[in-house]
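Participant: This is what each chain is made of:
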Amino acid sequence: NAGVTQTPKFQVLKTGQSMTLQCAQDMNHEYMSWYRQDPGMGLRLIHYSVGAGITDQGEVPNGYNVSRSTTEDFPLRLLSAAPSQTSVYFCASSQSRGSEKLFFGSGTQLSVL
Amino acid sequence: GQNIDQPTEMTATEGAIVQINCTYQTSGFNGLFWYQQHAGEAPTFLSYNVLDGLEEKGRFSSFLSRSKGYSYLLLKELQMKDSASYLCAVFNAGNMLTFGGGTRLMVKP
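Each protein sequence line maps, in turn, to chains A and B.
Count the first sequence with my numbering and you get residues 1 to 113, in order.
Count the second sequence with my numbering and you get residues 1 to 109, in order.
No lab work stands behind these hints: they were computed from the structure.
Think of the CB as a built atom: it goes at the ideal place given N, C-alpha and C, for glycine as much as any other residue.
Careful, some of the hints might be misleading.
Chain B is faced by these chain A residues, among others (derived, beta-carbon under 7 Å) [to be verified]: (1) LYS14; (2) GLY16; (3) GLY40; (4) PHE104.
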């Protein structure tokens, strides 16, 4: 059972480039989310989805897009990368939006030069 | 707004007991989580409290007081492998999970 699979593990971008971080889960979870983690600031919610076809903004959505065409996949798109988006990104899922524990992917270390 | 405070760093000795505190001010409350995160790894779930009181799970216990906006994580019989960051997170009325900055715990021999 793979759980939450996140790719790539590392990525270096130049300012202005675009890319997509992939996230897939095989637990049939309804709820999926993207967080970024910066030193001293904890995990901050970027976007989340409560089911296929439904997405919503978190605390820090600017500069990022998401879509949820299937239950399994929840990609995060950086439209025009900026140095301020240098961070570690985690995808997480849970059975439902509520009092359910989150299962995290292994993370993506992104550097924008 | 949301405000979750926890100490930045703590140090304890192997075999001892350590208490990591978390205070929160959020718009509504639907539960509090503790996660453990080893350096370079993803967070993993430790505990969940929604009612006041103590939840015990092996060497780890978590306490909640909703009236005081306060929780703590208690780690007993500390082991070297407990060296990690411990993240407090609150589920608010809007059903958004907000994390504190994390407490880095160093366990020394």
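Participant: Now, for every hint given, state plainly whether the structure supports it.
Facilitator: Status of the hints after comparison with the structure:
The closest approach between the C-beta of LYS14 of chain A and any C-beta of chain B is roughly 25 Å, which is over the 7 Å cut-off, so the hint fails. For GLY16 of chain A, the interface hint is violated, the least distance from its beta-carbon to any beta-carbon of chain B being 29 Å, above 7 Å. Because the closest C-beta pair between GLY40 of chain A and chain B is about 6 Å apart, less than 7 Å, the hint holds. About 4 Å separates the beta-carbon of PHE104 of chain A from the nearest beta-carbon of chain B, less than 7 Å, and the hint is met.
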